[in-house]
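The task is simple: from the sequences and hints, build the whole structure.
These protein sequence lines map, in sequence, to chains G and Z. Residues 553 to 692 in this note's numbering are what the first sequence lists, from first letter to last. Residues 1077 to 1665 in this note's numbering are what the second sequence lists, from first letter to last.
Calculated directly from the structure, the hints in this document are not laboratory data. Since we're looking at a predicted model, the values are computed, not measured. The reader is advised that the hints may include incorrect statements.
Some chain G residues close to chain Z (C-beta under 7 Å, calculated; not the full set) [unchecked claim]:
hint	residue
1	Arg573
2	Arg576
3	Val577
4	Gly593
5	Gln600
6	Asn603
7	Gln607
8	Gly620
9	Ala663
Listed next, with one range per pair, are the computed distances between beta-carbon atoms [said to hold, decoys possible]:
hint	chain 1	residue 1	chain 2	residue 2	range
10	G	Gly673	Z	Phe1506	55 to 61 Å
11	Z	Met1386	G	Gly673	22 to 28 Å
12	G	Lys658	Z	Phe1191	36 to 42 Å
13	Z	Ile1107	G	Arg671	28 to 34 Å
The calculated PhoX-like cross-link candidates involving lysine-lysine, where the alpha carbons are at most 25 Å apart (straight line), are [as the list claims (entries may be wrong)]:
hint	chain 1	residue 1	chain 2	residue 2
14	Z	Lys1589	G	Lys628
15	Z	Lys1599	Z	Lys1589
16	Z	Lys1589	G	Lys658
17	Z	Lys1664	G	Lys558
18	Z	Lys1253	Z	Lys1277
19	Z	Lys1589	Z	Lys1176
20	G	Lys558	Z	Lys1546
21	Z	Lys1553	G	Lys628
22	Z	Lys1599	G	Lys628
23	G	Lys558	Z	Lys1277
Glycine is no exception: its CB is placed at the ideal position from the N, C-alpha and C atoms.
Chain by chain, the residues run as shown.
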Amino acid sequence: MDQQGKIRVLIAKPGLDGHERGARVVAFGLRDEGFEVIYTGLRQTPEQIVNAAIQEDVRVVGLSILSGAHLSLTQKVIEGLRRNRADDVLVLVGGVIPDADRTALKDMGVAEVFTSGVRIGDIAALIRLHADAVPVQVQP
Amino acid sequence: MIEREGAAGKRGNRIEEAHAEWREKILEPRIKRFNLKESPTRFHLPPGQGEESFLQKVGFPGQYPFTAGNQPFDYWQAYAPDAARLGYRPDWGGSGKVGKYGGFGTPEDYRDYLFRMQSMGRMGGPNIAFDLPTQCGYDSDSPYAAGEVGRVGVAIDSFRDFETVYEAYTGGLDIDKVPSNFTINAPAAVIIAMYAVLAKKRGIPLEKLGGTPQNDILKEFIARGTYIFPPRPSMRLFRDTCVFCTRRMKSLNINSIGGYHMREAGASRVQDLAFSLANGIAYVEAGLEGGLEVDQFAPRFTFNAFGGSMEIYREIALQRAARRMWAEIMKERFRAKDKRSMMIRQPITAHIGCISTTLARPLNNLVRAVIGGMAAGMSGGIPGAFPPFDEPLGLGHSQEAVQLQLDATRIMIYEAKVADVCDPWAGSYFMEFLTDEIEEEAASELKKIETMGGAVAAIENGYMQRAIAKSAYERQKAIEAREDFVVGVNCFTGDNEIEVTVNRVVEDTYDAKLLTTAEDRQKKKIQELKRQRSSRAVSRSLSVLKTQAGLEGENLMPAICDCVEHDATVQEICDALRDVFGEAQPVKI
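As C-alpha cells, this is what we get:
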C-alpha cells in the first residue's frame, strides 16, 4: 500500500503481444476505483515484471496476454515471484484465454482469469476481497 | 434528434415551414409524452443540395470522388453466378489469388501443412502470418522469443526458413503465378528482400512478383504494437521499400494501410478515419521524399478495412466519407492524375470488428457479423460476414464457425442480393448527412494532427496513442454505466435468458505437439545455420548495412538483400539497424 493506504496494482504485458486495449482500460478503471496502478507498457519479460512487482511493492499483478503464450509466461512470472518470496502477491490474468486453460492457470496459482465482457468493478471487488483477507507483509 | 440544414445549400421555405410545424405538433408532444429529453431517433430533411452538389460530392461509381464506390461493380460480382454453380470456396483460395491467412510452428511445419491443404484442393498464394519474435525482429533463440516461437504465426529466422515455406509454392503455384501476402511491418524491408532474393534464386524477374506486404509501421505505434525502431528511421525504411518496390517490384503492392487495428485498439470512428488518412499522407510524403512522382507509387498503396462497429448506418457513411476524403487529398493536395492513386483499394470495406463480438452467448456473433456484412455490401464491398462467431472463445476458428460465416456471406450475396445495388443509400437524406458529418469531424481531427506536424509527430508526442486509450476507456465506461447496450453482456442477462451452445470442433490446424517443440527445433536450426554459413560474408554484409544506415540518403534495400542472401538472420539484420537507429520506446499513457 502507498501512503494513502491505496492498494498497489501492477498491470503488465508479458512477452511480445501488442494488444494493449485491455491492459490500458483495466489500468484506467482500477485507478478510478481507487487503486494505485502502475502499468508496465508493452514487451516486458517475466523477469522484468517480477522485478517491477517487488520494487514497487505491489499487492496485485495483473497479466494481460492475448497471444496464446499465457501458460508459459504466467508460469515464469509466478515462479519468479515465489523465488523472491513474494508469493503473497495476488496474480490475475486477463485476455483471450480458452476455457480449457483456466484450470491450468488456477493450478499454477492464478487467483482469477478475466476474459472479454468482465466489469472492472468485479475485478476491483475481487482485489479488495483478497487484499482484506491476506494481511500485508510488513517490511522490516 | 433533428438535423438542421447542411452547409451545402438552401432549402425551400415550404420544407422549413412544414418542418417547424412537424416539430411542434408531432415530435415535441411525443417526446414530452414519454418524458424524454430528446428523440431517440433522427429524421433527416432533404440536404438542400442540388444536382451540381450531388455530382460534386457523390458522383457515379468509379468516378471522382469515388463516394459511390471505386467501381460500378466489384470483380467478384462478375464471377458470382459461376462461383455458386462451381461451389467455389473463397477461403480455399483460387489460382491467381492469395490463400487463407495462416502460419504456425517452424517453416517445416507450415510447409507440410500447406502441402496437406493443397492436396485437399486448397490453392492460392501464401498469406503468411509471422510469429511475434519475427514481427519484432528477434530470432527464435532470443530470450525475448521464449514461449512465443511459432505461436501466432510461422517463425522465420533466416532466408532458409523463408525458402522452406516456399517449397510449397512451385510449378503452377510458383511465385510469378500466385501473389504473396505478408503480415509484416517493422521488418517488412527484410521480408521483401527475402521475396526478392527468392525470385533471383529461382530466375524469376522481380517485376513478376505480386502480392502485398502490410508494411504499415505507423499504426504499429498507434495500435498493434510490433514496432522496432523509432518512428522516423522506421519511415526511412518505408521510403526505401517504397522506392525499391516502385522501381524493381512493379507488380507488388507497397503497403496495406490499416484503420481496422486502430479501431480494435479503441479508436473512435472519426479517429480511425483521421489517423488512417494522416498515416496515408505520411507514406505518400515518404515516397515523394524518395524522389518518386506520386502516380508512380500511390496506385500501389492499399488499405486494410476502415471500420469496426455495429452501427450499420455510420459504418456505411464512414466508407463513403473515407473514399471521398482520400480522393480529394490525393487529387488536390498531391496533384495525382491516375485514378488508382485516388482510390481506397481495400479487400473488405465495412465490418463489425472482432471487438464487437462477445464471449456471452457467442452464436449471437454470427448475427453481428451479418450486420457488418450488410454494411459492407451496401458500401462498395463484398458482403462478408466477419469474423467467425467463435472469435472471442480463443485462438483458432472452428470448422463450424467458418462454415456458418461462409454461408452467411453467400446468403447475403445470392439470396438477399445485398450487393445488387451500387451505393444504395446515395442521395438519401440521412446517409448524405451522416457522410458529411463524419467527413467534417475527421477533417477537423486531421487538421489537428497536421498542426502537430503530421502523423509521425503525433505519434512521437503520444497524441494518437493517448487519444485511442482514452476512447477505449470511454467505451468501457459507457458499457458499464449501461449507456451503451451489448446484448448478453450488460443487458438481457437475467434468468429468463438461456445460454445457447453449439457443437464446435476446433480445426486441427495447429498440432499441439508441433507447437510445443517448435522453439527447440528452430533454435537447433539457427545453431546449424551459424555453423554452415560464411560468417565473414555475414559480418561484411551487416557492416555495409550499418554504414549505409547511417547515411540518410542511401536506399537500404540492396544492402538488406545482400545480408539476406548471405544468410544473416532477421535479428542480426534488425540488430545492425538497432545499433544505428535505436529502439522505439513505448509511450506512457
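Comparing the hints with the structure gives:
Restraint check, G:Arg573 versus chain Z: the minimum CB separation of about 5 Å is within 7 Å; hint holds. For G:Arg576, the suggested interface contact is upheld, since its CB lies about 5 Å from the closest CB of chain Z, less than 7 Å. For G:Val577, the interface hint holds, since its Cβ comes within 7 Å of a Cβ in chain Z; the closest pair sits about 5 Å apart. Taking 7 Å as the C-beta cut-off, the interface hint given for G:Gly593 holds, the closest approach to chain Z being about 4 Å.
Nearest Cβ of chain Z to the Cβ of G:Gln600: about 11 Å, over the 7 Å cut. The hint is violated. With a least beta-carbon distance of about 15 Å to chain Z, the hint placing G:Asn603 at the interface is violated under the 7 Å criterion. Interface restraint check: G:Gln607 against chain Z, minimum CB-CB distance 17 Å, threshold 7 Å, status violated. For G:Gly620, the interface hint holds, since its Cβ comes within 7 Å of a Cβ in chain Z; the closest pair sits about 5 Å apart.
Taking 7 Å as the C-beta cut-off, the interface hint given for G:Ala663 is violated, the closest approach to chain Z being about 20 Å. Between G:Gly673 and Z:Phe1506, the C-beta spacing of about 37 Å breaks the proposed range 55 to 61 Å. A hinted range of 22 to 28 Å for the beta carbons of Z:Met1386 and G:Gly673 is consistent with their spacing of about 24 Å. The hint said 36 to 42 Å for the Cβ distance between G:Lys658 and Z:Phe1191, and at roughly 39 Å that hint holds.
For the hinted restraint 28 to 34 Å between Z:Ile1107 and G:Arg671, the CB-CB distance of approximately 32 Å keeps it satisfied. A C-alpha spacing of about 21 Å is found between Z:Lys1589 and G:Lys628, which places the hinted pair at or below 25 Å, so the restraint holds. Restraint check for Z:Lys1599 and Z:Lys1589: the C-alpha separation of about 16 Å stays at or below 25 Å, so the hint holds. The straight-line distance between the Cα atoms of Z:Lys1589 and G:Lys658 is roughly 23 Å, inside the 25 Å bound, and the hint therefore holds.
Of the pairs offered as hints, the one joining Z:Lys1664 and G:Lys558 holds, with about 21 Å between alpha carbons and a cut-off of 25 Å not exceeded. At most 25 Å may separate the alpha-carbon atoms for a hinted pair to count; Z:Lys1253 and Z:Lys1277 meet this at roughly 16 Å. Distance check on the hinted pair: Z:Lys1589 and Z:Lys1176 sit about 22 Å apart at the alpha-carbon level, within 25 Å; holds. Distance check on the hinted pair: G:Lys558 and Z:Lys1546 sit about 23 Å apart at the alpha-carbon level, within 25 Å; holds.
Between the alpha carbons of Z:Lys1553 and G:Lys628 the distance comes to roughly 33 Å, so the proposed pair goes past 25 Å and is violated. For the given pair, Z:Lys1599 sits about 20 Å from G:Lys628 by alpha-carbon distance, which is consistent with the 25 Å threshold. Our distance criterion of 25 Å between C-alpha atoms is broken by G:Lys558 and Z:Lys1277, whose separation comes to about 63 Å.
Of the numbered hints listed earlier, those contradicted by the structure are 5, 6, 7, 9, 10, 21 and 23.
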